[in-house]
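Participant: Please take these sequences and the hints and turn them into a complete structure.
Listed below are the residues making up each chain.
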Amino acid sequence: CSSMGLDSKDALGGISETYQSGYVPPPMALEQIPVGSSRDQVLIALGTPSTTAQYGGEVFYYISQTRRRAARFMRPEVVDQRIIAVYFDQKQTVERVAHYGLQDGKVFDFVTRTTPTGGSDLTFLQQVLSGGTTFGNPFGT
Amino acid sequence: AQTGVLGSLSAEAAVIRSVVVQGNQRVDSETVRSYVLIQPGRNFGPADIDRSVQALYATGLFSDVSITQRGNSLVVKVSENAVVGTVRFQGNKKIKRAMLEGLLETKPRAVVTDAKLQGDVERIKGYYQHTGRAQADVRAETTPRDNGRVDVTFVITEGSRTGISDIEFVGNKAFSDGRLRSVIQTKETNFLSWFTKRDVYDDAKLAADQELLRRFYLRSGYADFRVVSAEPTFDEARNKYVITFTIEEGPRYKFGAVNVDSSIPEVSADSLKDVVKTKSGRTFNALLIERTLEDMTYAIAKTGYSFAQVRPRADRNYETNTIDITYMVDEGPRLYVERIDVRGNDRTRDYVIRREFDMAEGDAYNRVLADRAERRLRNLGYFKSVNVTTEPGSSPDRVVIVVNVEDQSTGSFTVGGGYSTDDGFIAEVSMQEKNFLGRGQYLKITVGGGENSQNFNMSFTEPYFLGRRMALGFDAFYQTSDDTNDRPYNLDSYGGTLRLGLPITDDLDVQFNYKLANRDVSARTGVTDTDALKAIYGDGEYLNSSIGYQVTYSTIDNKQDPRDGLYFRLNQDFAGVGGDGQWVKTTADARYYKEVVPETGIVGFLKIGAGNITGWGDDVAILDNFFKGGETIRGFKARGYGARYDGVNDSYALGGKNYVNATAEVQFPMPLAPSDLGLRGAVFADAGTLFDVDRPSGLAGEIHDDASIRSSVGASILWNSPFGLLRADFAQALTKESYDEEQFFRFSAGTQF
Amino acid sequence: CLGFGGDKEPEPEPETAAGELYNQGLAYMEKGKTKDAIGRFEEVDRQHPYSEWAKKAMIMTAYAHFKRGDHAETITAAKRYLTLYPSGADAAYAQYMIGESYFRQIPEITRDQKATREAMAAMQEVINRYPDSEYVDDARDKIIKTRDQLAGKEMQVGRYYLERREYIAAVNRFKVVITEYSDTRHAEEALYRLTESYLSMGIVPEAQTAAAVLGHNFPDSPWYKDAFTLLQTGGVAPQENKGSWISKAFQKVVG
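Protein chains in written order, with our numbering: chain A, 1 to 141; chain B, 1001 to 1753; chain E, 2001 to 2255.
No lab work stands behind these hints, which were simulated from the structure alone. A hint or two may mislead.
Said to hold, decoys possible - Part of the chain A face toward chain B, derived, beta carbon under 10 Å:
#: 1; residue: Thr18
#: 2; residue: Thr48
#: 3; residue: Met74
#: 4; residue: Asp89
#: 5; residue: Thr117
#: 6; residue: Gln127
Said to hold, decoys possible - Some chain B residues judged to face chain A by a derived CB distance under 8 Å, without partners named:
#: 7; residue: Asp1363
#: 8; residue: Ile1504
#: 9; residue: Ala1662
For clarity, every value in this text was computed on a predicted model and none was experimentally measured. C-beta atoms are modelled at their ideal positions from N, C-alpha and C, and glycine is treated no differently.
Facilitator: Set out below in structure tokens:
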């Protein structure tokens, strides 16, 4: 599903990198977990889920991403994202399997405010005085 | 206390009325009872007794503990360890008391035990051996004092310093003893040993040397290399060791057939062919195999298949002395990273470490990427030690990566001096911090002064601007220099650069920058040439404000001591963004290093440079010209060649708007000198030219300006001293212009890059 | 160095009564000369080991170091007291001083939180072994602060990954905060970040659940307001205001 490492149509030519991150679905995995199969069958076929639902009924999420970085200084950009969501009913058997693609994702700025935390920060003076300085080579190499 | 119904039935569940403590003189009974798990009235078993005995021993207060039951009371018999009064040393001349105290477990007022004393004796002996006194003898004496206190005295006979008289090799045919001596860390005693301390015999170092030898031979084709033995024999008379390495080189192998076979359908073998570094026919080299494994795993990961495992299989062919290498690609375990835990970073911030990992939590675990991150972290130079290990995760297909780091001091405060025939004596104080506030930022501040110049420099870089690998930085400088015979004017200049560095690939790097430089020139006064000098070098302020870019491609192996690789830099600046100067300056610099004869340290080095500055709607000020001399073509004075104006009092260098230069040099380890001295020699040939100036308005008189080639040949001595690289060049100019100025000897100290 | 023979150790002072030495120590403490006081107390311990005076002197040594802020020495001295007199009168205070010494070395969250964990364990020891001592309340308060700090560390790493859109890493870090540190102030933000993460992935129901739990437990928290507006706009219109780029850049470098 992911293109070869050297992606020719890039503006900066053949130096972009494409790689897989997150879950790597084994071949024909989905065929092995039809509706009604047990929770253990899912674990055997797909392995431990990337994450599970926090509240409400039990849900397994398997999250796969393909990233591409045009040049080493750029931040890798998510070019493909596939999420398999396996929903279970009370009897712990597969109720339904949902798929989410990259297009479902919403785009927005994350809030920059953070909850304040304590702890002493390292001041520069501390860094210098705490044995931070050694006598380097006098010719400054 | 009433016992439970079952209390008295079972034999071993006995019950006692009281706990009696005997034998304690100073430790009060209450304390002893608090460690005994058995309480009167409650039942207990033999296990409780054992655990109580262990608890009492664990306090370290007692040399002997026994618990027995007599009737319905428990008797706890203890004999106490003595308490240490004072700790003294006798006979320690070379190593001071404070240093030795640090090694001891036995401390005043603490408890003394035989185990602690024995450990202290061993540690003191080990310390002496580490500093080269293998024959030191240490004894612990205890003299009892009143009320249970004991004074401890460590009697030391230091013995004299045991160096290593010589290191011999038996069984080496392919490489000379001298060459092998330069490979290992341990060295023979020489006049610098007091400083390097390399001539110390130490088992750990000897083991490390054997590994260095093995790796060296495996890189040079000797796949069957084996160290048979490394025997130190002590020569009583000269109080020195002779170390003999007996080795078996075995045949020198070449790579035979090299192929890749993959058992994974998605990964085709021939797609990996071009990543293979071990070409058949070339000399066998274990390092190349490791590199191939790493690149191949990375290439496979890039195609989207994350769980591949690459293992090499080597089949020797004894007739043809070749080794066939097969890279076997097969399915590895499907493991995912559960967490990356960073430990020990007391100074460096978590994200500075985490960002060096190409893997995130939740990604497929890839050992090669983990090794790569470990290597990157080590190259940062922020840590004394870095090791990346894995621990089992919360489920069989999960693993936790543990990054154990130990911060080291990354600041260095250098008071330095230097001398070069161009600038005379200079003194310099510099403060550099590679890991500013643990944020991975770089800060350097330098203040310097010399006979005729003072300068201040500051440099700051944030390597990960906006969380991307973009290095944002700025430099600022202020410099004043007085009138000298090379530079007939006083010059005050200040300014700065704002730069943004973008790595394109591992070897290619592009940097965009804005430079601002203001200079205030006041020509030498009170001489007939003063007016001419004012016309040539300008008088008063002059501002250059330019934007530009710099492209650097470098595969140099080691910046301080390059032996292999190509370096190319192209630089262009466009002045005229405000300011007075309006020009386009282009410079190019290419260098090529190659080890002429492998593993002998003889390095060939080719350098080609060219540059042009062209006025853009205005003339180029003389001081914006290129000025070249001995630093480019050895055998000439500073600013020794290029255009020149004949004044009445003297002739003055005008530099040039165009230059070309080329250098060919061969560096070699100085024969006869011991290898660890770092002495090297070199022979070289330089050539080049510098020409074309815009005639300053209002300047009468003749300007010499020829595009002829100047050249020189010569030799140099280089000393990579503990104080830095010192270099002395002796060069004779071959072709020159009559008005050029020569200089046969040049000396400089400082860095190459 | 002209060392000749071994170091000449001055003969130790003549024996003085333990009580006298101890009182000299106390006098120094009143005058604030903690260094000299420590000298006196250690002398009591050296000349009259295991006496009643030595017991008092040992706890006073620890207290003097504590006053001077030498964390390592305080911990060593207090631990020696606890080994000798585990149920002594000042044992609770010795244990408390150990916890407090670690607590004062807690670094901010981007660095190894080893001191935080040690402080938490030492304070927990105060509560377990000396339940009715006067230090239990402060110990409990300090434990809440150390747990808050550890939760802050998980959040910092979670935000690091969220910024890089590594959703698995981010979600799992925020879940650790909700499950193991649900009683800390960071739980609110963790729930909000889950809403952001799931919405970015497009798993809207999960985002709504997280926001609902946030609203239910922390109705007037600023984080709930943010979650509410985020879900309200469905996050469809990207609020990429270019203005914030400069401020983000400045904040990143100076940070």
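Participant: So, for every hint listed, does it hold in this structure?
Facilitator: Right, here's what the structure says about each hint:
1. Because the closest C-beta pair between A/Thr18 and chain B is about 7 Å apart, less than 10 Å, the hint holds.
2. Given hint, A/Thr48 at the interface with chain B, holds; its Cβ is 5 Å from that chain's nearest Cβ, closer than 10 Å.
3. Given the 10 Å rule on beta carbons, the hint for A/Met74 holds: about 7 Å separates it from the nearest Cβ of chain B.
4. Because the closest C-beta pair between A/Asp89 and chain B is about 23 Å apart, greater than 10 Å, the hint is violated.
5. Given hint, A/Thr117 at the interface with chain B, is violated; its Cβ is 13 Å from that chain's nearest Cβ, farther than 10 Å.
6. Because the smallest distance between the Cβ of A/Gln127 and any Cβ of chain B comes to about 7 Å, under 10 Å, the interface hint for this residue holds.
7. For B/Asp1363, the shortest C-beta to C-beta distance to chain A is roughly 5 Å, which falls under 8 Å, so the interface hint holds.
8. Satisfaction of the interface hint for B/Ile1504 is found here, the shortest Cβ-Cβ separation to chain A being roughly 5 Å, below the 8 Å cut-off.
9. Given the 8 Å rule on beta carbons, the hint for B/Ala1662 is violated: about 27 Å separates it from the nearest Cβ of chain A.
The structure is inconsistent with the numbered hints 4, 5 and 9, although it conforms to all the rest.
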